[in-house]
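Sequences listed follow chains A and B, in order. The letter at position 89 of the first sequence is residue 89 when you use my numbering, and the numbering goes up by one with no holes. The letter at position 144 of the second sequence is residue 1144 when you use my numbering, and the numbering goes up by one with no holes.
FYI, nobody ran anything at the bench for these hints, they're computed from the structure. Please note that the accuracy of each hint is not assured.
Unchecked claim - Here are a few chain B residues that face chain A, going by a calculated C-beta distance under 8 Å:
#1 M1001
#2 D1036
#3 V1049
#4 L1056
#5 M1063
#6 H1064
#7 F1094
#8 E1097
#9 L1108
#10 A1138
#11 R1169
#12 F1172
Remember, predicted model here, so these are calculated numbers, not experimental data. In this text, a Cβ means the ideal position worked out from N, Cα and C, and glycines have one as well.
Protein chains: 2
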Amino acid sequence: MDLFEAVKKRHSYRGVFTDKAVRREDLVKIVQAGLDAPSGCNKQTTRFVIVDEPELVAKIAQMHPANKAINQAKAFIACIIDKNPDTVYEGFEFEVEDCAAAVENMLLAITALGYGSVWIDGWLRGAGRNEAIGKLLAVPDEKIVRILLPIGVPAEAYKQPEKMPFEQRAWFNKYGQ
Amino acid sequence: MDLFEAVKKRHSYRGVFTDKAVRREDLVKIVQAGLDAPSGCNKQTTRFVIVDEPELVAKIAQMHPANKAINQAKAFIACIIDKNPDTVYEGFEFEVEDCAAAVENMLLAITALGYGSVWIDGWLRGAGRNEAIGKLLAVPDEKIVRILLPIGVPAEAYKQPEKMPFEQRAWFNKYGQ
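Given only the sequences and the hints, what does the whole structure look like? Please build it.
Structure below.
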């Protein structure tokens, strides 16, 4: 799929998934796109656990009965960073940005391959869910599941959210003009 | 360009740029890709100032004589977030992640359109450079230039940095196995 088409088509999918499995070769392609993302000083800090073992998928899925994309997911990608990231450039660390860039590459890949997903962050951080999922996936204590991507084949047409027009968010040479 | 080709070809470019200008219609396409990126609760927090006015470009370029991509840039995109972001979901705020996702979309667009760039973050935060650039671009006091993208047409072949192999950063179902 053309890059600009993938960028336009990508949107958060919170609907029902079909029963179709996510193919392992597609999961590898998706995560490879995440590995190819930039990272501060090329430190490549994000780690990934791809969850497609049915019992493990079910354990994570049942943690959120109200979110169809999570409770019907056919696979998950857990994106993992350090709880206390190393500083890599003049006292700054970039693991949150590294992870976000990897997630965006993966969401585009998910779109291009005909799957749907949604970027799960805030919910994960509540009620120790990221710790609980980390334990299920044998994530070391010093690391944390920062982002979770549920994946499946969308069964519903799902409306993209409205976006503000260009001129409300972008300008040439002077802010707001 | 195919999404996966753009993902593979994208890399930080720190070399010399040709004298060729960056076309305004390409700058609009690039920033539109940034606008199309996901954001926490669809709050669309990142703002963009596209710098292509030659005097303004020169003022920013001369701030970093040692970095060829900055001091020879033909245009810049300044990515702007709030200094004190609002919380948008259960006490969490996502402006850094929103901005990073937008930057990644734009880097892929820059690659697909035949330009080169590099994600500038840590350098900006030093010596008040983000404040100084913000003043040049009339960025409101409550906002900050978080990321700067210099853009031009690469004049040199530039080696992509080595990446760790898949099996050192990604696994199925259990971390590290």
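Evaluation of the provided hints:
Given hint, B/M1001 at the interface with chain A, holds; its Cβ is 5 Å from that chain's nearest Cβ, closer than 8 Å. Taking 8 Å as the C-beta cut-off, the interface hint given for B/D1036 holds, the closest approach to chain A being about 5 Å. Contact between B/V1049 and chain A, as hinted, is supported at the beta carbon level, the nearest pair being about 5 Å apart and thus within 8 Å. Hint status for B/L1056: holds, given a least beta-carbon distance of 6 Å to chain A, under 8 Å.
With 8 Å as the threshold, the beta carbon of B/M1063 stays out of range of chain A, its nearest partner Cβ sitting at about 16 Å, so the hint is violated. For B/H1064, the shortest C-beta to C-beta distance to chain A is roughly 14 Å, which exceeds 8 Å, and the interface hint is violated. A distance limit of 8 Å between C-beta atoms decides the matter here; for B/F1094 the minimum to chain A is near 7 Å, and the interface restraint holds. With 8 Å as the threshold, the beta carbon of B/E1097 comes within range of chain A, its nearest partner Cβ sitting at about 4 Å, so the hint holds.
Of the supplied interface hints, the one on B/L1108 holds, with its beta-carbon coming within about 6 Å of a beta-carbon of chain A, less than 8 Å. Checking B/A1138 against chain A by beta carbon gives a least distance of about 5 Å; that is within 8 Å, so the hint holds. Given the 8 Å rule on beta carbons, the hint for B/R1169 holds: about 5 Å separates it from the nearest Cβ of chain A. The interface hint given for B/F1172 holds, since its Cβ lies 5 Å from the closest Cβ of chain A, which is under the 8 Å cut-off.
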